[in-house]
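Novice: Using the hints, position chains B, C and D against chain A.
There are 4 protein chains.
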Amino acid sequence: MKHNSFKNDYSFAAHPKILEALAKFGAEENIPYGLDRHSENATRLIKETFGAKDAKVFFLAGGTQTNLVFISSVLRHYEGVISPTSGHINVHETAAVEGSGYKVITVNGKDGKLSAESVNQTVRLFTDEHMVKPRMVYISNSTEIGTIYHKQELTELYKACKDNGLYLFMDGARLGSALTSFDNDIDPKDLGSLCDAFYVGGTKNGLLFGEALVIVNPELAKDFRFHIKNKGAMLAKGYVVGIQFEEAFREGLYFELAKRTNLYAVKVREALTKHGYPLLPSSTNQVFAKLDKKRAEALIKEFGLEKWEEGQDYIVVRFVTSFKTEDNDIESLDLYLSQI
Amino acid sequence: MKHNSFKNDYSFAAHPKILEALAKFGAEENIPYGLDRHSENATRLIKETFGAKDAKVFFLAGGTQTNLVFISSVLRHYEGVISPTSGHINVHETAAVEGSGYKVITVNGKDGKLSAESVNQTVRLFTDEHMVKPRMVYISNSTEIGTIYHKQELTELYKACKDNGLYLFMDGARLGSALTSFDNDIDPKDLGSLCDAFYVGGTKNGLLFGEALVIVNPELAKDFRFHIKNKGAMLAKGYVVGIQFEEAFREGLYFELAKRTNLYAVKVREALTKHGYPLLPSSTNQVFAKLDKKRAEALIKEFGLEKWEEGQDYIVVRFVTSFKTEDNDIESLDLYLSQI
Amino acid sequence: MKHNSFKNDYSFAAHPKILEALAKFGAEENIPYGLDRHSENATRLIKETFGAKDAKVFFLAGGTQTNLVFISSVLRHYEGVISPTSGHINVHETAAVEGSGYKVITVNGKDGKLSAESVNQTVRLFTDEHMVKPRMVYISNSTEIGTIYHKQELTELYKACKDNGLYLFMDGARLGSALTSFDNDIDPKDLGSLCDAFYVGGTKNGLLFGEALVIVNPELAKDFRFHIKNKGAMLAKGYVVGIQFEEAFREGLYFELAKRTNLYAVKVREALTKHGYPLLPSSTNQVFAKLDKKRAEALIKEFGLEKWEEGQDYIVVRFVTSFKTEDNDIESLDLYLSQI
Amino acid sequence: MKHNSFKNDYSFAAHPKILEALAKFGAEENIPYGLDRHSENATRLIKETFGAKDAKVFFLAGGTQTNLVFISSVLRHYEGVISPTSGHINVHETAAVEGSGYKVITVNGKDGKLSAESVNQTVRLFTDEHMVKPRMVYISNSTEIGTIYHKQELTELYKACKDNGLYLFMDGARLGSALTSFDNDIDPKDLGSLCDAFYVGGTKNGLLFGEALVIVNPELAKDFRFHIKNKGAMLAKGYVVGIQFEEAFREGLYFELAKRTNLYAVKVREALTKHGYPLLPSSTNQVFAKLDKKRAEALIKEFGLEKWEEGQDYIVVRFVTSFKTEDNDIESLDLYLSQI
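Taken in order, these protein sequences are the chains called A, B, C and D. The opening residue of the first sequence carries number 2 in the working numbering; numbering runs sequentially from there. The opening residue of the second sequence carries number 2 in the working numbering; numbering runs sequentially from there. The opening residue of the third sequence carries number 2 in the working numbering; numbering runs sequentially from there. The opening residue of the fourth sequence carries number 2 in the working numbering; numbering runs sequentially from there.
It should be emphasised that the hints constitute simulated quantities derived from the structure, not laboratory data. Quick caveat: nothing in here was measured; it's all calculated off a predicted structure. Do not rely on the hints blindly, as some may be mistaken.
Same chains, same names: a pair is fine if it fits in one copy or spans any two.
No more than 30 angstroms apart at the CA atoms, straight line, and that leaves these computed lysine-lysine pairs for DSS-like [stated by the list, open to error]:
{"id": "1", "residue 1": "K163", "residue 2": "K111"}
{"id": "2", "residue 1": "K25", "residue 2": "K268"}
{"id": "3", "residue 1": "K308", "residue 2": "K163"}
{"id": "4", "residue 1": "K160", "residue 2": "K223"}
{"id": "5", "residue 1": "K25", "residue 2": "K54"}
{"id": "6", "residue 1": "K8", "residue 2": "K223"}
Bound conformation, chain A alone (with noise of 0.2 angstroms):
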């Protein structure tokens, strides 16, 4: 049966609505830069939907570069950003944030996430000139494995935070399918008031490319339009990714498409669990399976799936849905497990 893989969430170009969107507005003439109305737009709808009225945003490309943009605009290169070890900045970037001039503090956390008590407690190691000064705190939501954050954990978090003169930073390359996961208790309109910065990912949620960078924290966006050229990350047709999160956000496009794909992630689980494979935690649109290797290397094969974790006797393997999974693609799968 022809289906479509669960290898991620970005192979498929844009949803026809975006694209649309692209060919409607992009055919009228518009100001470079980021400074046209539908960027204005876009600006005025996220700010509304995140309860962040005094909020600044700006659209980049990607979200590596949304992380190295954002975190070298506020740390000095004595300060360092602290992370889960399991934090895409410190695994999955390439250094982008060292190479920059940036130390990454890494912090074992649990399922991906960074709690209010390890920050406490990693501020309390530095302690002098002679060692980096903690400024900033990471994390992703959902995290690299599909977690999310609680209202309550999020809540201490920044607490924490503040306590120890630290920025809180949330990487929300995956920000719609945490927001309407099934676990999910934190309502949008709250995160204005849990966090200095984040960004809400259009990459991976039926965008063809662009991130919304939220600063909340007025004193963060000084000159930042400046320090976004600066790294080559100004787009001189900004509006392309104005016209985007215009459309996202318009009628709620955005967490429309995150709901559906992580309904097809809860589909995922069921056809694993039906089927006796033990599932990792996770509540979003990435789901992790442990299989013994042969089975594992089949599905790996016919559906396009990440090896995450190898041990003895056994694979990890990540399926992620995305707005382009189909029920279609779900009775491949079920169907296929039957088979192995």
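Specialist: Relative to the frame of chain A, chains B, C and D by itself:
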């Protein structure tokens, strides 16, 4: 009369054929990070077009980013890049090159260009380890003021670079316009043997966004994908750029659009000349005219022009034609010029 | 009883012979920037001493500077340096390496050391261009906790480096102490074939200041004087360091001072053991003892010790002997221990 | 006749009084990292001398390092420092400032100096976020060509900086020579109110090495010790520099040496003038004379001069006097001039 502005060549999103290709191929599953078949096709087409069969081609998001990524990959921090004082990296990139840790060594060019002789002279000024070590020459074609390099000039310049152990890098943000200029004598097929690297600008020639960096000199491409990621410049949906360049070079759309744009620039020149306004030298899609202040201000307002230079009693304004310029825009300009 | 502290090995300016050499040769006219005959002599002596006849030797001001200068010269920004978690570059250099743009990849060592096996394992974790590329291994000898590498360990580690395309760099801030330890089995003459580069620490072994960086691998020394100047690390009066190292290696003063310092450390160990305090493993001029809190605090106050670790009911304190330690200091310690 | 060269002012290690102070106080136990009582005393003396009672003073190893450390501490990467084209940071520091990530904006000064007017004009060229943002002005006193700032010039320049939101930083590698010049009208006590920061050069005025960075503007000193360490510029034996500056300012040795050095420069000028060689403007310890090539080459050989500029039929040579220059050296020069 309603008309488009002559503000710049990046105020309209993309040519319809580009959007169609995106819609068509983007609906299929693609391998991420630029390893897809469209990027592969585009690479092959570009290598053929520019006579660079051993080149490596990398697709990036924007011009400043491409300059930053390439220059920072080649240089060590004690080395510098020679640029005309008017070069984009020196003037209009918010110190992106220096911000990454590399000195731009400026030379007063002629007509926005560097000559072999000026490179030879410049290199002799740097004598020992207490001074920056020149290692690269940066030029733009077309230049920031719309002029172009002739084959003889480029040949000599490249020879001067090789004589002095320098790499030659050409910023091709407006390469299409340069190579289709009425004054151009460089066959695209020769470009691959006239420099160490260049880029083919998409953003300013009808693509949604994207630049194709062509590294001709193989020693400069080592580990380049690591480097791109490290600079935050690797797109997850790399195929989005690959699809566009594939379409641009599949049947000649790239040069077709550039040629058409240049023709309209010729018409702008004719209109200005007819009405008695002196032009600065330029043979591509940027046209610079010198006017008295009153008329200049009126034109700026009506046609969204950039004020390029201002003297005691004159203003130099810049007209830019684009893939969207139409006969109607020229007629509007002509009419307006006859009335002021 | 009046006595020196055991705080560290850099609280006294310099051994009298060093100051005499400075007074004598510094009164003559010298060529600046390290091109003088004393630096030349010192270079020759160091190359002979360490069996590194093709090495290049560069004199720098301090240890953190030497690490920063060497590591930043070798790596590209997408590459990383593997270090024990306890490594000086990771803990006590205020992110100097990351601040220059290079990731430190930490590995939990044993006794402050890295093994060949841990390097082999670590390298396997980094699989593609989305992750930092390991390119160097950093170790200290003696380590930050006073242990040393044995010849077998170092030989295997260097082999693991070569097998994996890594450079091996040894921080020798306390190299003298390591190579004159009672437990050492490395002949200084062998060091030149057991790593790609190392430095010979002067600051912590009786010199006024200064470290001698020995680059054994010729491909790593290219343009190095440009690089030193670029990092602000070239001394106009380079001969001031050259004179000191010439004196240190002219008649064996360097190892003589280190040996004497180690002998006093042995006496510190004896005193502590005699009074029943357990020691952590260490065989150089740093001695770590575990005491109950009351006695630890008393010792810290009386002998200016550093508190190394603190538990529920114990403190680990660090004693450091130096070229200035005398019998009297040991007697004072012994007496004090007998009274608390 | 045997004589010292006029090559530069850093070919002799240190004035005997400096070495004596080092021997004396260095034999006592000192607190490391610049927190010792000698550094404290030196700080107090420097603040008094330069009328900078609220300043923070930091002792560093060399001039390029001091420029690099201070400039990189103040600027963000999208900001630039305005410098005369002839400024040391632009010409003779191997791109140390750009290598750290900051653009040097060059302005053609007059006599090696920047005027208030040129700063006002320069700032107006930088209009938006696509251009580097000027944030600091760098000057040297004395300049690289031996000229000095008069009080009126400096007052106006500082005002221009304040008017434009710029910090003013004075490179004082040869500050002693500037402030004791026959042409100087700046009272050292006024310096603390005429700029935001400056440094007091030790290396070129009789110290073994070391520069005292005086940060007058308190907002620029935040976390500065972290920053110094991060740049590899913190000396473990910081007191070695502190002791020297304490001695230099305890009883006026610093200005005494500079004054004496200037007097010998006057004698060099007299000898050159007497023999008919034209001088370039300069009023400190650097003397520039224009000679025919034959005589210039002879002088260069005999007195180790630097060739400063070479024309068709002339050479400009540089004479530098130092704390070691003696009557005998002047007599030798006079005699030699009378014979060639």
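Novice: For every hint, state whether the structure bears it out.
Specialist: Quick rundown of the hints versus the structure:
1. K163 / K111: within (21 angstroms within a copy, 36 angstroms between copies)
2. K25 / K268: between (35 angstroms within a copy, 29 angstroms between copies)
3. K308 / K163: Only across copies: K308 and K163 sit 29 angstroms apart there, 38 angstroms inside one copy, limit 30 angstroms.
4. K160 / K223: Both ways: K160 and K223 sit 24 angstroms apart in one copy and 25 angstroms across, limit 30 angstroms.
5. K25 / K54: within (29 angstroms within a copy, 38 angstroms between copies)
6. K8 / K223: So K8 and K223 pass the 30 angstroms test across copies only (28 angstroms; inside, 39 angstroms).
The structure fails none of the hints (numbered hints given earlier).
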